[in-house]
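Chains as they are written, first to last, in my numbering: chain V, 273 to 561; chain G, 731 to 978.
Incorrect hints may have been included.
What the hints assert, rightly or not - What follows is a set of in silico ranges between Cβ atoms, one per label pair, in the way DEER data are often shown:
#1 V:T468 to G:S795: 27 to 33 angstroms
#2 V:W421 to G:E750: 51 to 57 angstroms
#3 V:L471 to G:V957: 52 to 58 angstroms
#4 V:A451 to G:F744: 42 to 48 angstroms
As the list claims (entries may be wrong) - Far from chain V, by Cβ distances over 12 angstroms, these chain G residues were calculated:
#5 F737
#6 S741
#7 G749
#8 Q813
#9 G834
#10 E908
#11 D945
As the list claims (entries may be wrong) - Examples of chain G residues toward chain V, derived with CB under 10 angstroms:
#12 H783
#13 A786
#14 R790
#15 A829
#16 A846
#17 L858
#18 S859
#19 A873
#20 L882
Since the hints were derived computationally from the structure, they do not count as laboratory data.
This one's a predicted model, so the numbers in the text were calculated from it and none came from an experiment.
Even glycine gets a Cβ: it sits at the ideal position worked out from N, Cα and C.
Below, each chain spelled out in residue letters.
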Amino acid sequence: MKSPRPVISTKPTYKGTVNASKGAAPERPSLLRSWQRYLRASLLPPALFLLGLALLWALMARMMHTTLMPSLREIALEMKRIIVNEDALGHIGLTLERIVLGCALAFLISLAVGIPAGRNRWLEAFFRPGIVLGLTIPGLVWALLCVIWFGVNWKSPVVALALGVSPALTVNAIQGVRAVDYSLIEMAHVFRLSPTARLRHLWFPAMAPFLLSGVRTGLSLAWKVIVLVEIFGMSSGVGYELNQEFSSQNVAGVLAWTVIFGGVMGVIEYGLIQGIERNITRWRRRATV
Amino acid sequence: MNSPLSFVHVSKSFSSPTGELRMVLDDFSFELKSGELVAVVGPSGIGKTTLLHLAAGLDRPDSGSVVLDPSSSDSAVGMVFQQPRLLEWRDVKTNLRLATDAAGIPAEAGLDMLHAVQMSDHADAYPLSLSGGERQRIALARAFAIRPELLLMDEPFSALDELTSRKLQLLVQKLWLERRSSGLIITHDTFEAAFLADRVVVLKGKPCSIDSIIDIPITRPRMTDDVRIFNYHIQILDALIGADAIKR
């Protein structure tokens, strides 16, 4: 016997209104306030760290009082000499050019290997030994081998960088592919999105945080490898100049070059990489305000 | 006239985490008539979503075949998922444009659909800034914008509150009347099935088979307070309870 059913009223009361302001462009904060917030949140902490480091160095240099640990003033004077007399910009430009070319090649290799390996377990197992081997081989080995193989020309630093950096980038690319939401891949399949549209609108944006993290790691590794290649096999670049200062036992000169190039890499990180990061994640800020 | 979707002696099984083979469909056959909307209801885990995935080409049958109307265009299938599945990093109009571009349809069709689902003001918004109901409206607009000859809906309103769900059911009816395609909707909501569908297929057992098919010969537009809809809702519910009680 069926149980009595409740009486349900189904009067239509669907006069829903849409909040027109929701999702619309928010009121923009003033440019000055945005800059103040950026300076406070992004530039002040690293500036304080660097200031602390400089103070610590100054204290140690004063306490030890040796030419092996030059004072901040001596390093600053060396920096001035390098910038004025040593064509610092030319050497830095050459080193950066090699880094950019090497990293671009490494980036392409990592995508070519990382995307299929991230999607296919068999391919990942196939490439895994190469990646592990690549991660464990020191940059010094690539530097020596490439100078032996290619001699003193532009190929040595570029290939050495690509070999030294691509394993770490590939690991990031594989993680990025794994992080792509499978339900979106299904959606793209059902709506028959073209391969180009899938790459541009689905794969790259979803992988972007991992790729950016890879670029950061790659740049820091690249700096370590390029110096070695330039020391062993080049007659120009920051590594070559560092070696010259080392040969003449000029510790302040070595530190000055390090600080100058560190500054350039800092500008790349805070100016370029973080700018790209802000640009590709602006949708998140616009969506959550 | 060709059927927009036919399941012909379809069998499908999956491996469980323990390695055991579980047959979901065994010699399953069903034909969708042109221009009708069929709702599929059944107990949880019976294989409703498997049917939809086979129809969408997201899965392949072990044997038998799933046949789409061979005379239909290449971009004939639109789908509304349980979750909206929008690209969060692209604004609303880009999400629609990607679908219309892929279907070879002018982008204006997407904007027209945004107007139809009352979301024109949100064309430049990002999905994360919208409510669940609004996002599902966009998903509906995307599915209808490509002028699908076959529309698939996988529990499209189950993640929404009841009021929003009812509003979207009315919206689907409105769009359906304007666009007139064929469709399959998977749902747990027997009222939704009675309100939207021309026929309701009740599934039973494992592997699943058709327990009963209930015709709903009520002309559209239908009203949510129509007592006939309510009676069909009860009839479907009874059939569902009966199907669930069948020993597996």
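Violating hint indices (sorted, rising)
Of the numbered hints given earlier, those the structure breaks are 4, 8, 9, 14 and 16, listed in rising order.
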